[in-house]
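Please model the entire structure based on the sequences and the hints provided.
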Amino acid sequence: MLITCPYCGPRDVSEFTYQGDGNRTRPDPDSTDLGAWNRYVYDRVNIAGEHNEIWQHSGGCRMHIAITRSTTTHKISSVRAMRDAGPGAGQ
Amino acid sequence: MRANDESGNLMAEYSAFALIRNALSANRDWKPAWRKPEPKPNYDVIVVGGGGHGLATAYYLAKEFGITNVAVLEKGYLGSGNVGRNTVTIRSNYLLPDNIRFYEHSMKLWENLSHELNYNVMFSQRGVVNLGHTPGQLDDFVRRGNAMRHLDADARLLDLDELKRLMPGLDTSRNPRFPILGGLIQPRAGTARHDAVAWGYARAADRRGVDIIENCEVTGFIKDGDRVIGVATSRGEIRAAKVAIAVAGSTGEVMRMAGVDELPIESHVLQAFVTESIKPFLDTVVTFGMGHFYMSQSDKGGLVFGGDIDGYNSYAQRGNLPIVEDVMSEMLALFPGLAPVRVLRSWGGIMDMSMDGAPIITTGPLPGMYLNCGWCYGGFKATPASGLCFAHTIARDEPHEVSAPFRLDRFHRGAVIDDKGQGATPRLH
Amino acid sequence: MKPQRTGIGGKIHRARTIRFSFDGTSYEGHPGDTLASALLANGIVLFGRSFKYHRPRGVVSAGIDEPNALVTVLRGDVREPNIPATTIEIFDGLVAVSQNRFPSLAFDLNAINQLGGKLLGAGFYYKTFMGPVIGPLRGTRFWMFCEHFIRRAAGLGRAGEAHDTARYERVNAFCDVLIVGGGPAGLMAARAAAEKGDRVILAEFDPTFGGSAKWSGETIDGQPADIWTQFVADDLRSMPNVTLLPRTLVWGYYDSDTMAALERVSDHKVKAETGEPRHRSWTIRAGRVILATGALERPIVFPGNDRPGVMLASAAQRYAGEYGITVGSRVAVFTNNDSAYTALAAMKAAECSSLVVVDVRSQISPAARAAASHAGVELLLGQAVVGTRGYPSLSSIKVQRFDPSSLTTSGVARSISVDALLVSGGWSPTLHLASQAGGRPVWDEEIQAFTPPQPLQNWMAAGAARGAFSTAEAVAEGYAAGGGETADDAEPLPETEPTILLSKPARVFEIKAKGKAFVDFQHDVTADDVRLAHQEGFVSVEHLKRYTTLGMGTDQGKTSNVPGLAIMAEVSGRQIPEVGTTRFRPPYAPVSIGALAAERFGDLKPERLTPMHDWHVEQGAEMMPAGLWFRPRIYAQPGETIEQSYVRETRAARNEAGIVDVSTLGKIAVQGPDAALFLDRVYTNTFSTLPINKARYGLMLREDGFVLDDGTTWRLGQNEFLMTTTTANAGKVMQHLEYLLDVIWPDLKVHLTSVTDQWAGAAIGGPRAREILSTCVQGTKVDNATLPFMGIVHGTIAQVPVMICRLSFSGEMAFEVYCGAGHGQHVWNALLSAGQGFGLVAYGMEALGTMRIEKGHVTGAEIDGRTTARDLHLDWMLSKKKSFVGSAMMDREGLSGPDRLQLVGLVSLDGRALSGGAHIVEHVDPEAPSHSLGHVTAACYSPSLGKYIGLALVSGGKGRRETRAFVSDPLRNRFGPVEIVSHHMFDPQGTRMHG
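Residue numbers (our numbering), protein chains in the order written: chain A, 1450 to 1540; chain B, 14 to 442; chain C, 11 to 1005.
Calculated from the structure, these hints are not laboratory results. One or more of the hints may lead you astray.
Stated by the list, open to error - If you anchor each label on the Cβ, the simulated ranges turn out as follows: (1) C/Lys891 to B/Asn188: 52 to 58 angstroms; (2) B/Arg169 to C/Gln464: 53 to 59 angstroms; (3) C/Thr790 to A/Gly1509: 49 to 55 angstroms; (4) C/Lys759 to A/Leu1483: 28 to 34 angstroms.
As the list claims (entries may be wrong) - Sample of chain B residues facing chain C (criterion: CB under 8 angstroms; computed from the structure): (5) Leu122; (6) Glu124; (7) Asn125; (8) His146; (9) Thr147; (10) Thr185; (11) Phe191; (12) Gly233; (13) Leu334; (14) Glu343; (15) Pro349; (16) Arg358; (17) Trp360; (18) Gln435.
Note that the coordinates shown come from a computational prediction; the quantities given were computed from them, not determined experimentally. Beta carbons are placed, not taken as given, at the ideal position from N, Cα and C, and that holds for glycine.
Structure (structure tokens):
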């Protein structure tokens, strides 16, 4: 599997670390809504199909990237740098 | 009470005698291992998932709880999921008491399973050895082994000489990158024939009246308000007082049909490998301590082995090369004589990776529904206890004592059972 | 007659002779021979024994699909088992032995298994060996007793225990087009792509290019086909944008058109050249892939079809055309299709004395009839072979009338004396890689075979791989796949012979008659086994495979898959595709483990060494691994035990001064205007209030509220911090922080840099540490006013700039001295010489551990991912004035409560050592240990206290202080009383470090 890092270009999956579900929303830091925190930490959208997820180019520029990838074919349909995606995107 | 006694199924008891008798009649009298019934419109319990856990659940519902009006619905062919794709290791060598109690309960069921099912599942207690490479790691092994010993499981330390005797091909010299210092063995642990477990439970459940319905895909849930009262399938609607889900690897998708969009689970692909058949080389199951590698040898002679999950969400049952290369490298770090031996096959299974590495056996999350999932790498060895505890949960609407810690609400309560201590990062469990 | 070399013909180089040995006997062959062809040339017909019944077996194929002729190749003590003799190029000194026989290939005792025929049918082992329900063999014992013998009888070749000293290597390659298969289709594809300027890689399993053109005897472009292919290959070789990879098996099709291939670089050589690997593992990232992988011929299932002398028609043709071998003098062909008729000319040329064709069809094409008449054969149409005779190899066949529509035989059987039987049951496109790429193969009724699925990745198939079996189609499709011009004015394609002998087989896969008819030769799966599987309900293709082991052998069912499906389809009244299609998985054919490990074979992981590593080793330190690092455990003096060493080192550090290498600590530069704010969010305590040139001990939690790591962070400037982490967690903490910055707080202006490897660190501590520093540090004072506890100063040691922070892990007054990694040894030396006369001693991890245990400081054994700040009595570090990572979740029910495992100190009450991993109990019972309260995390002899002590995590530990308990360590048989105490066991007020 190749992932096209927005900074480094196409690289083998072995250079990347999967950082999980990109659909999660971290509650406001001061939030005391334990249910929301629990959902953020433990619950996952685990879809068979197009999946929003976060990867890190840990063996390269170390940038976190937001990827949309099919979990049934492994085909990647979009890649963005997490920081370019704007504050809170991918949360 | 056996539902099929009158049809003469008792005569189909498997034994050496039956084998000889049938050989003399050119094997014409063997009956199907299980019936192929049409689904009925109503059951007491529907078990979704005809894998090891679903079949075992149906068997124990019938045997232990007298609930025989049960259907097991399988999307494809029976045992097509992880029960037929794993590396067949059976062990209870965990660190945390909740895990040890559960898997040791399973181990005790395994020890009599062939007799109980009248089907040789080939459970062979050839031992599982964990190799240790640093003094600290050996201390960790001792902690784990002692935890097992305090809960009536078996464990013992092995020194280098014992390891060498047990595995003549093992490199016990100081040469490797991570020389071996010693090991922990659970002698009662071992391997079984994976398909036989599915088939054995299927046959035994069938003989107690359970309907096993293959090629019957669940396409939706029938609800009365929040309550689940049945399922829509590719073979029509089927209703039941209780609907139990045991579809590890597809849990997310099946639960989505029931309206549960998020669970503490990620589905990951785990690759496994087998070499060409060779003469006996390895008599135990062995694991590497400075990576993630495990290997045993099948009765046919193939070395069966695997390592880490690929590490990303996948339902594709196919992995990629980096893990292949990692696994092979770790194999040769232990057995350098195997470099010329050849890998014959690889395959992938989809693991329900939970947020703490432990499984989920629970009532709910919807009324009328019961859920069994989150087996991570460990579903095969759990099969008997998982089936028994899930059957208990379904029949009694409360958990079996050894599965009580595995309820779904443990995550939110913070009562996680985190054997690896990695937190909610499934790829590290 | 036995097989023998013909007087002329073949592509072997007869002028040179190669000597090799098989089963201890020396034979001769020629360059160009495989082991199989060379043995056939020497009249050898018996190559191996089958898996279950140990039946004598000969060679079935001439290539990678060989199920029977497996041998072990020996190179010294290194054994390479299960290699098809049909794929081994002979070389001078090759040593091969047969397998799975005892005592010899010709006489195998296990052949007695054949007598158990019906008893050992499919799945028999599931029905027996369960043993008695009571008595000494109850439970699993009886099965394990039987299994012992089953295991010894099973298995093929034997693997070696000797370390394989061959070199394996890995290479990455990139191309626009990867073409798999170097037959006419692949060559044309390569030519077309290369002429367009594409970067082309062409991989071929065989040593030479040409595929079937090497032995088919046809003409292409007016030349003998094998000559034509050599011209094309030579042309390609001369092009700079083409890489030719002969002897290369493309075995895996992975995501993003990543292809895995294995090149057999020196297997065919007497000795590898200097630096040359045995195998080279290629990872090829292809822009697109052309599968020109050809097709595999299928056998027909009939009784006695496994007898040596029975082989595929194409194999016999190849043995004749490529290797100059006649497989027999009286030859029969048994076929359900026209393709086998192309073998007739070759057999005639190979000087067979008599030829007979048995064809299940009553009608054949005029071309087939012409070929038969040209070769002068006796043509038996509408007939089938129903049996074979001869030991050890074929001497006659039995032929009967056959009705292809009812699949029944009738009439009187006629016996025909033959010594070779060439079988063709049609052809299956080699679609394995296409299947690996995803998608389900499609059944083609006309060719009675599965064809490749719709591509889900960027590949296309050409020629026989697609089911287009003629050479003309191969040439045209290959050229088109390569991107060749098809305009009217384009150069015309090479002319091929008009081929009409296409494979459109009759739908006949099995001839039912009395006797064992084999579907899977290697695993001894018979047609009856398939039917028994059906009878017992194992009707899907996967159940069939798993119940009978059909297709699970080393040949992976290349010849047996479709016939097996066909028999199941027939018995269950379904069409073949309804039974199911097999999904093929990597590898296409077996691949050496050494090649896949490649450079990591013998060099698994990098070694991380500190700048002072060599010094430690020179001092006789026993080095121990810490993750990828190596650290000194003890600096043993002659005759010392481990305990004596660390006690000496600890005493020196506590009484005078000690120095320890702390370069392995994780170090992260945290820089930027929001650095302090960021640290406030990730640490449980506050860092924004930290003055410049001061350090603070910090604690980090995971989001779920459990402890992640601890360490000190130093403020070097308003916007600049140096964070230290534990050695073990350096990578994890870095990734945690990067995630937070990139994903959660992209608005924060903070930059993180891992600087672990940039700094060398030495911690020097003890009552005389300050004196030592003051003699060697220039540019700053190190007195209490200038360098208070947790203060930082900058100066030089031996002209090298250093940064010194006064902090203490040992409990002594101590200083961590950091300098650029390149100067680490220099500064270390300077500190050591400054310490002469002050009793300075270097100490290792054991002494470090001893001092931290005495002080009750936590490390990885306590921060094990399951403990909370409260468990470790670090709740004083949890700020109540701000939120931080983990703050919202750290008070959940499961993370609090009196029964949690809490950190305590332990003192041994029996004067014996404690050790990590022992458990703690209230009531000790060595015979039946139970009711564990927790476990010892670390233990040592404390020279300061004069006792054996330890740290432990104990349920409700805080409330158990000053009570008695026991260590219970059945694994090491150590039981004894301990007192549970506070984890602060030595100098609890910290007077020593504050000085």
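Structure-inconsistent hints, enumerated in ascending order: Violated: hints 3, 5, 10, 12.
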